[in-house]
Amino acid sequence: MAEIAYLEGPSARLAYAFTPGITPTIVFLSGYKSDMEGTKAVHLEAWAEAEGRAFLRLDYSGHGQSGGVFEGGCIGDWAADAQAVIEAVTEGPLLLVGSSMGGWIASILAKRLSARMAGFVGIAAAPDFTEDGFWASFSDDEKRKVMEEGVTYMPSAYGDPYAITKRLIEDGRDQLVLRAPLPMPYPVRLLQGTEDAAVSRETALALFDHIEGKDVRLTFLKGADHRLSEPADLAAVEAAILEVLG
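Read in order, the letters of the sequence shown are residues 1 to 246 in full-length UniProt numbering.
The reader is advised that the hints may include incorrect statements.
[Stated by the list, open to error] Ranges of calculated distance between the beta carbons of each label pair, as one might list FRET restraints: (1) Thr39 / Tyr153: 33 to 41 angstroms; (2) Ser139 / Glu87: 37 to 45 angstroms; (3) Ile4 / Ala206: 29 to 37 angstroms; (4) Ala115 / Tyr6: 33 to 41 angstroms; (5) Pro181 / Phe220: 23 to 31 angstroms; (6) Met1 / Glu170: 33 to 41 angstroms.
Just so you know, the hints here were simulated from the structure itself, not pulled from any lab data.
Cβ atoms here follow ideal geometry from the backbone N, Cα and C, with glycine treated the same way.
Using the sequences provided together with the hints, build the complete structure.
This is how it looks when you write it as structure tokens:
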């Protein structure tokens, strides 16, 4: 495994691990409250190293080994964190691999770093989830609580309750990617589990339909859940990356 290194990001000290190799650099972008020590990130790093390919994983502020407080962050912050690490550490073409929220952040960065983009892989990608997931599911009382008190809490199947802040909701509205053109004129592969309880099939199809590109494919993995971390799921991710790499 690559050693953990640090750089000063836009709002906090950011942790990352970079493996040099053949470009495009594969950049793994993790999910909401996830970090770069997750199963997929570590597995793909080892796989990329065995293939001799450049690979980057990182922690957004408030996540994992980076500084900052999770509850103080938002999508815009985390996208800026990822961009800062990518621009400081890598050169040349990029293949962004976004898991869950990381798929949203990868979609944002695909626009900002369009000149460097060589491919996109979404793993249970969750674009616009603060608006279409959190806010859309809130009761009137929960919406009032967020706007007037600044935070509400949602139960999570993955650990402690999620703190949903007013800043997260309001910033999320500035980062939406399914309401504006999303050009991706390079290979795109989207993977979605049929038993995903966090991201719906409708979301996967909405992203698939919305991306503007000639080489965009969506694959449903029967029986797979949101984590997509079982051996068969990881093999499917590897295959998707290899397809994008051509």
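Hint check against the structure, violated hint numbers in rising order: 1, 4
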